[in-house]
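K.L.:
Now for the letters of each chain:
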Amino acid sequence: MNKSKSSARWWFLAHSWLALPIWVFLFFVCLTGAIATVSQEIVWLADSKVRANPPLDEATMLNYDKIVAVIAREHPEAVIHGISRPVKSMFAWTVRASYPDMSTVNHYVNPYTGRIQGSEPEGFSFRQFIRALHGWLLMPFTEGFNFGWYAVSALALPLLGSLITGLVVYKRFWRGFLNPRLRLDRGSRVFWGDLHRLAGIWSIPFILIMAVTSLWFLVLAILHDTHIELPSTNPEVPIQVARSDIPVVAAGQPAPRIGLNQAAELMRAHFPDVEPSSLNFGGHAFSTITVRGQGAGWPLLSEFAQVNPYTAKVEHVRRIADRSGLELFTGSMRPLHTGDFAGLWLKLVYFVFGVLLTAMVGSGLLIWLKRTVKATAAALKGNRADENGIDEAIDSPLPASLAPPEKNTGTGFAHCWKRWRFHLSALLLILPLVCLPEYLEDQKPASRQGLGKREIGQFQVGPWLVRMGEWRIEAPKFHDGEYEKGFTLALCRDCTSQVKAAYLRVGKPRGDIRTSGTLFTGSPYRLFTSLRVPEDLSPDAELWLTLEGWDGSVHRLALPLADASPATVKWAQEGKVK
Amino acid sequence: MTPARYVLAAGLLLAATSALAHHPFGECRQVDGKTIRCTGGFDGKPIPGLPIDVLDDDDKILIRGKLDAEASFIFEKPAVPFYVLIDAGPGQVAEIDDAEVKSPPPR
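One line per chain: the protein sequences are A and B, in this order. Position 403 of the first sequence, counting from 1, maps to 403 under our numbering, and the rest follow consecutively. Here our numbering runs 578 ahead of the position in the second sequence, where the first position is 1.
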């Protein structure tokens, strides 16, 4: 009997040890989250080129057009996508531009001097890395939200549970506000216990914010992956410039467009109190210029105007007041989670509380660790006299503010869950390590260039030379009721100023330009389209590429599907067999 | 919102551009021997007010109109071969050829 009891105890100890990863996981997420909050500021401290130090004698900011002109002058081959700047005035303007080698580069321009302080190709950055590590354990997104996202956001449940159970267990917790107690002279177990409670009490509002916003991230993923759409007040059709608004001009030049200063002025007419912090040209000739700034009445969300660059008409404005209560709530969740809406001071407050929460999880971990180590040591000695004490130690509840909510522990399901969650949490710790090489590979500037997984070839379309690529070597994917297939296109350097738009479709278009298919969007050095593929696609079909010039000329090219995408031919053949 | 769009909106960049496509749609059906009714919309939702054109095989616009409050448009069947365009903007056009016009629902 003694033997079986001893064995049961060992099993229980092993069981307790296996629980370790769930704490380590929570600790890991809290720690990376706290760092992510101030990742932008860490970059600011570490990297002088992103700072906007005003010169001593003159502190007038350059206007938007002048910021763009700096890049246009020094990098004439660059295609500028837009300019943006964090909420805080201590940052330089970031100008996003793409190049003939298909790279996209962020240039940091000092808003006072107009000097390009630094440039870096889009790819690995500390900020994105720490966010990806914190938010989805570096896992790649392929179909829907990935497991990492679910694993991290699901921590909202134990976090919320710990808050509620913590408040129930520590009755009259508000006394901690008035009489904070942190005993330094009573050994480490008492110190960590005091710190744990003290941090918990002071972090109540912060834990609540983190738990609720994280829960939203979980709900968001579930909604998306189950194809449930929340009611939206967004325009039902994306805002675009009408074809007839774009003047036909002489060959070799794009139609004249308004500058960012004018677009910002037009935006300000609708939002006098909003400071534009992001101005974007959009991905194709029919895009509006979007001028966006932090909402004046509700700093958590942005307000924006979409301006027609050819007619200077404001096509669409999105005010805070245009959003429904539900949209205000769901839209506010992310900024509330990251603290990125009121400036540096709030970020520091978030950071301090983030560290506090991390320390709390850490102290919970230490309390638990000490108890389990003690129990293990005692079990190793095999001292029967200690046994009761050990069992008591093992049976004593976990720090309540950290304990996940547990119900019906006696049922088969609960037993199963208790047994399996340890395996899962052990896996969670391995995930970022496993995903790291792929993440780093994906973040390399080189892997973000090129025309996708397979270059189809170089073609002459009328006077223009283009290169086409297959984005991924795979069959068309079913998305929102239709099959789609990604293709890429690169215009030759001299063509970029001549070609207004590029389209792709299955089968020969008719004479009306509108029948040319889906639009390519992005940088003219690397455009992308999601081709609509009919379900009954013939393996012998042709893809038709249409290029439309600013001068109104239209040139077309037919491409056998077998050349464009053997994977799609195979898919079409299999469809026929079925 | 797709993950790609959410992550983009969150200021993070992903290469999952394929998830950003939109879908115009349209369908035409014979009401009787003489008239045709077309309906259309975007991303699965009927959209009243979308421009709709009926063109002949030489791409000449025969009839020009807009989808009504029920996102439908009724027109007299042209005597010549034709096709219908429901236009939700550049690159977002649904094309229905006369061969794709469905027969009237059985009574």
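Note that these hints are calculated values from the structure, not bench results. The structure presented is a predicted model; accordingly, all values stated were derived computationally and were not measured. Warning: the hint list may mix true and false statements.
[Claimed, not checked] Footprint (simulated), chain A over chain B, 3 or more residues, beta carbon under 8 Å:
no.	segment
1	620 to 631
2	653 to 666
3	669 to 682
Where is the CB? At the ideal position from N, CA and C, for every residue including glycine.
K.L.:
So, for every hint listed, does it hold in this structure?
P.N.:
Checked hints:
no., hint, in the structure
1, 620 to 631, "holds (count 6)"
2, 653 to 666, "holds (count 4)"
3, 669 to 682, "holds (count 4)"
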